[in-house]
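As you go down the protein sequences, you meet chains F and L in turn.
In terms of this note's numbering, the first sequence has 588 at position 512, counting the first letter as 1, and numbering is strictly consecutive.
In terms of this note's numbering, the second sequence has 820 at position 124, counting the first letter as 1, and numbering is strictly consecutive.
The set of hints was computed from the structure by calculation and includes no laboratory data.
Each hint should be verified, as a subset may be incorrect.
Below, a list of computed lysine-lysine pairs in the DSBU-like style, where the Cα atoms sit at most 30 Å apart [claimed, not checked]: (1) L/Lys851 <-> L/Lys788; (2) F/Lys325 <-> F/Lys359; (3) F/Lys268 <-> F/Lys327; (4) L/Lys1036 <-> F/Lys460; (5) F/Lys462 <-> L/Lys1090; (6) L/Lys748 <-> F/Lys189; (7) F/Lys516 <-> L/Lys1169; (8) L/Lys859 <-> L/Lys759; (9) F/Lys141 <-> L/Lys1115; (10) F/Lys325 <-> F/Lys358; (11) F/Lys411 <-> L/Lys996; (12) L/Lys1115 <-> F/Lys650; (13) L/Lys811 <-> L/Lys787; (14) L/Lys826 <-> L/Lys759; (15) F/Lys118 <-> F/Lys189; (16) L/Lys700 <-> L/Lys859; (17) F/Lys411 <-> L/Lys848; (18) L/Lys824 <-> L/Lys848; (19) L/Lys759 <-> L/Lys707; (20) F/Lys462 <-> L/Lys851; (21) F/Lys460 <-> F/Lys418; (22) F/Lys636 <-> F/Lys601; (23) F/Lys464 <-> L/Lys1031; (24) L/Lys968 <-> F/Lys286; (25) L/Lys707 <-> F/Lys286; (26) L/Lys1176 <-> F/Lys480.
From the structure, some residues in chain L lie toward chain F, with a derived Cβ separation under 10 Å [unchecked claim]: (27) Gln913; (28) Glu920; (29) Asn938; (30) Ala972; (31) Arg1004; (32) Pro1095.
Here a beta-carbon is modelled for each residue, glycine too, at the ideal position from N, C-alpha and C.
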Amino acid sequence: MPTVSVGRDRLFEALGETYTQEDFEKLCFEFGIELDDVTTEKAIIRKERHLEGEEEDEDEEVIYKIEVAANRYDLLCLEGIVRALRIFIGKEEIPVFKVSDVPPKSMLKMHVKPETALIRPFVVCAVLRGITFDEARYNSFIDLQDKLHQNICRKRSLVAIGTHDLDTIQGPFSYEALPPPDINFVPLKQVKSFRAGELLEFYRSDMKLKKFLHIIENSPVYPVIYDSNRTVLSLPPIINGAHSAITLKTKNVFIECTATDLTKANIVLNTMVTMFSEYCGKKFEVEPVEVVYSDGRSSIYPDLTVSNMEVSLADITGPIGIALEASEVVPLLNKMQLQAGKSLTTNGNCNIIVSVPPTRSDILHARDVMEDVAIAYGFNNIPKSKPKCMTTGGRQPLNRFSDKIRAEVSRAGYMEVLTWVLCSHEENFAMLKRNDDGDKAVIIANPRSSDFEVVRTSLMSCLLKTVKHNIDHPRPIKIFEVGDVVILDAARDVGAANNRRLAALYCNVTSGFEEILGLVERIMKVVRAPHVQLSDNYMRPSNEPEFFPNRQCSIIFQEKQIGHFGIVHPEVLKKFGIPDPCSYVEIDIQALL
Amino acid sequence: MAEKAILEFLKEEDEIPDSQVFAASVGIDHTDLENVIKSLRGFEIIESLDIKKESFVLTDEGKSYAADGSPEVQFFLAVPPEGITRDDLKKKLGDNIVNIGLNWAMKNKWVEIKKQLVFRKVENVEDKVKDQLKKIEDGEVVDKKEDIDALKKRKLITLQTWKAYALRKGPKYAPERKKAATDLTREHLQRGDWKDLEFKEYNLCAQGQPIQVGYLQPLLEVREEIQNIFLQMGFEEMPTNNFVESSFWNFDALFQPQQHPARDSHDTFFLKVPAATRQLPEDYVVRVKRVHESGGYGSKGYGYDWKREEADKNLLRTHTTAVSTRMLYMLAQQKPFRPKRYFSIDRVFRNEAVDRTHLAEFHQIEGLICDHGLTLADLLGVLEDFFTRLGMSKLRFKPAYNPYTEPSMEVFSYHEGLKKWVEVGNSGMFRPEMLLPMGLPQDVNVIAWGLSLERPTMILYGIDNIRDLFGPKVDFNLIKNNPICRLGLL
């Protein structure tokens, strides 16, 4: 979930009310955001630099870190949070966003070259006219772009935002894709001009920007936006040009969003303009830009149309489980920034017509409307009821059987352990003197560390590791685990299947081979059933690498090997750092069900 | 025999004033007698008073001088009238006697040394040292304190402390002691003599014998109780023994868009082998693709190009909801529809950095109910029932976001120990975009909730590091000493 940092005093000033922390937390809880942390700017810096000891100043500005839902892009800045909460508590009307009337001839244009389809095919734009920035607003404007880039833009891969001082550039603009040597400009925060290829090399050491280079670096052409004087506005999704940089004094802001996903580009653009048109000369009014494709198609952005959704009253109140009249539902919807009205259907039922504003891209279905009504009503105010369906409980036979085996082995004096199914390749193979033939183990593609390279194909390494971590425990050590391994299996849709195993290990100054043999005999005795008939000689000498030669057997059931036991090979013990002899058994208990 | 001697003596006499003397008189070793005294005293048959006695005894060196004479006298006697070299004396007497003897003989002015030769200075000498040592050896008293001190200084005698006892009859005196029994035996029962026997006082502070037992893992003990709660509430367990899952069942079928952050390699373990799923229900895949791209079933959809390759990618399931989805899909294929309550508690995987509260694998508890016309009020009611059985009855619900549930609610419980509200689970109603493409009837809703098994267990047992509870680093003593799980006994 994304977190937004806002200055507490500025937040309360904007809300028009000062809250105690407890009351503010309560408000957040009801609305569905969370006051995650209370800190100060300096405390954050201290924490980053690990300066624990330094004194706090009394007058440091308090910062609230507020966690918001991942699909509410309209809550990623102070302006959005304040607006939503003020409407929620009835202090503010729902804003109406307007695209200003600009005659088609004087409308700014963005021409899209066909080559952009090779790398980043979409662009949407808008202009904020007569905006008034101050330091706080400006910072919030920059932070919102960062937050959008991090979240919906998927680290700029889906959408990248560029904002420019319109008074420094000259339309019409063109969105092109050119070979890197053909692009040359002074990037933001630099004084000298770079060729694009050079620039990417330069940013390879930049902590922030190096993460975005992969999006374009292997492409033969890079996306670039020019004005009519061939001034570079930006090299999306990496960096803007220095020329058009916005400042506190900027009055007219040109916003362009380049994208690989047009739906998300629109959401991002709409979020930017609906949040910051609040500070425009004409509040909540945005100037459009026409995007013209080379084939003659053209669209005007931003698209701030309110979409209407007609939902039956029963579809709202029914799934909540409360009885409300349409006249009660409408004000609840209004609290959630949704304009609504009633309409009667031909058969006399009541429908609610909900107007979904451009800020609420999260509303996809009548169910989302229902949720907003439930939130506005208060989850904690809904009278609880009990589902009425009659059902019977039941266990999975394999799990119940596993529990019975666990009980049996613990009754035999063994201690149950519970280990991880992920392990290193070495632990699962080389350390057990086994080779990976490539036909058994599930291999992880993106392990964070060597501890998570494969899914175990046996429990042996897990039990040995557990002994190693308890190496000072008094002998004998008698442990067991009933757990799953995963084996490649072409017969399954996903190509692999779990297998339930019992493993037990005995460690002492002597090998304890007879102890483990006794446990095997006990297990084999208690699993007998009419359909599980074991012949008297279910043990056969085996030759497995992880066991000591001539001190090992396989366990045979219906002509299939279902397990092995024996003295663990000294070289295996050495690899796991265990100084005492161990005997070990592992059985496929799924086969015995 | 010693016991008999004491008891018989006290039958006639009031007191044995000195057990040492008594032992010597009856010819019993005092150590043997002492053991009997302690035992009789323990049963209050006799009473005893400790007596401390001191006397001098000869050291080994002293004993040899008492027998052979003091070294100075031996030395003197070995000196012939014509004189003798020290070396010759050493040949006769040995180094030790010569060294000590010469020293004392010179001190006593018995001998003198001229031109390397030793000569007698007096005619005769008296061996007082030998006489004194003999007296002490015989138990006679040496009066002169300076003589005793001299012998002590030469380490020829040493003071020894003797313990002795003065004995009288005790309150339970009898001329013959009844042997007290220590344990009830089969013979006692057969003979029936346990009625007449006197049993020795038992020391109730003594520890019992360490017993041989097996142990179950604490986390799985909690799992069992939660399973029982689900069973009591009529829930049926789902088969969750499939850790490898396709992105389709783990994400796409849940209406989780393909660009969702959870599908990043930072959060999910994708597989190199087997990299992709071999088979999906194709007609259902078409419906899922459509609902993502353009919606339907009353939804706008996400408006993006849905890619089959993304859905085919195999992974380690990030939640057991992947299994719930398969179960609901199967349920949707069965006509007529029957309501179900399902639960599971099994392992899920997250490609997260491991720390005190996070592991790459943990257990997810999941419950869901599928029926016509279920409501959010029903979800609130069933959550209250479930969590109350877990000992959490004070609940609050917070609006939240989850791609496959709408509404989504976080469940908070007031923790009396921590004096604050803690998040204990997530819940919601599955989205129509998830259920309708499966083919479930229009009015069927699914209410569901989930939580981890580890977190409530850590709170329950006050464990603050998850690796102390689950994994190879768990201390065996934690498993051995853990109390029984009392969840569900409330």
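Okay, the hints, checked on the actual structure:
1. As the CA atoms of L/Lys851 and L/Lys788 are separated by approximately 25 Å, the hinted pair is consistent with the 30 Å bound.
2. At roughly 18 Å between alpha-carbon atoms, F/Lys325 and F/Lys359 fall within 30 Å of each other, so this suggested pair holds.
3. Straight-line distance between C-alpha atoms of F/Lys268 and F/Lys327 comes to about 26 Å, which keeps the hinted pair within the 30 Å bound.
4. With a C-alpha separation of about 20 Å, the suggested pairing of L/Lys1036 with F/Lys460 holds against the 30 Å cut-off.
5. Only pairs whose Cα atoms come within 30 Å are accepted, and F/Lys462 paired with L/Lys1090 is accepted, the gap being roughly 18 Å.
6. About 117 Å separates the Cα atoms of L/Lys748 and F/Lys189, which puts this hinted pair outside 30 Å; it is violated.
7. For the proposed pair F/Lys516 and L/Lys1169, the alpha carbon gap of about 27 Å is at most 30 Å, so the pair holds.
8. The suggested pairing of L/Lys859 with L/Lys759 holds, with an alpha-carbon distance near 23 Å, which does not exceed 30 Å.
9. With a CA separation close to 22 Å, the supplied pair F/Lys141 and L/Lys1115 stays within the 30 Å bound.
10. Between the alpha carbons of F/Lys325 and F/Lys358 the distance comes to roughly 18 Å, so the proposed pair stays at or under 30 Å and holds.
11. Straight-line distance between C-alpha atoms of F/Lys411 and L/Lys996 comes to about 23 Å, which keeps the hinted pair within the 30 Å bound.
12. A hinted pair counts as satisfied when its Cα atoms are at most 30 Å apart, and L/Lys1115 with F/Lys650 does not qualify at roughly 49 Å.
13. This hinted pair checks out: L/Lys811 and L/Lys787 have alpha carbons roughly 19 Å apart, not beyond 30 Å.
14. A C-alpha spacing of about 9 Å is found between L/Lys826 and L/Lys759, which places the hinted pair at or below 30 Å, so the restraint holds.
15. Among the hinted pairs, F/Lys118 with F/Lys189 is inconsistent with the structure: their alpha-carbon atoms are about 47 Å apart, more than 30 Å.
16. About 21 Å separates the Cα atoms of L/Lys700 and L/Lys859, which keeps this hinted pair within 30 Å; it holds.
17. With a CA separation close to 107 Å, the supplied pair F/Lys411 and L/Lys848 exceeds the 30 Å bound.
18. A distance of roughly 15 Å separates the Cα atoms of L/Lys824 and L/Lys848; the hinted pair therefore holds under the 30 Å criterion.
19. A hinted pair counts as satisfied when its Cα atoms are at most 30 Å apart, and L/Lys759 with L/Lys707 does not qualify at roughly 42 Å.
20. Of the supplied pair hints, the one linking F/Lys462 and L/Lys851 is violated, its CA atoms being roughly 97 Å apart against a limit of 30 Å.
21. At most 30 Å may separate the alpha-carbon atoms for a hinted pair to count; F/Lys460 and F/Lys418 meet this at roughly 28 Å.
22. Distance check on the hinted pair: F/Lys636 and F/Lys601 sit about 18 Å apart at the alpha-carbon level, within 30 Å; holds.
23. Note on F/Lys464 and L/Lys1031: the hinted pairing holds, with a Cα-Cα distance of about 20 Å set against a maximum of 30 Å.
24. Straight-line distance between C-alpha atoms of L/Lys968 and F/Lys286 comes to about 27 Å, which keeps the hinted pair within the 30 Å bound.
25. Of the supplied pair hints, the one linking L/Lys707 and F/Lys286 is violated, its CA atoms being roughly 106 Å apart against a limit of 30 Å.
26. For the given pair, L/Lys1176 sits about 20 Å from F/Lys480 by alpha-carbon distance, which is consistent with the 30 Å threshold.
27. Hint on L/Gln913 holds. Least Cβ distance to chain F is approximately 4 Å, under the 10 Å limit.
28. With a cut of 10 Å, the hint placing L/Glu920 at the interface with chain F holds, because the nearest CB-to-CB distance is about 7 Å.
29. This hint holds: L/Asn938 has a C-beta 6 Å from the nearest C-beta of chain F, less than the 10 Å allowed.
30. Annotation: L/Ala972 was flagged as interfacial toward chain F, and the flag holds, the nearest CB pair being 8 Å apart, inside 10 Å.
31. At about 15 Å, the closest approach between the beta carbon of L/Arg1004 and any beta carbon in chain F exceeds 10 Å, and the interface hint on this residue is violated.
32. With 10 Å as the threshold, the beta carbon of L/Pro1095 comes within range of chain F, its nearest partner Cβ sitting at about 3 Å, so the hint holds.
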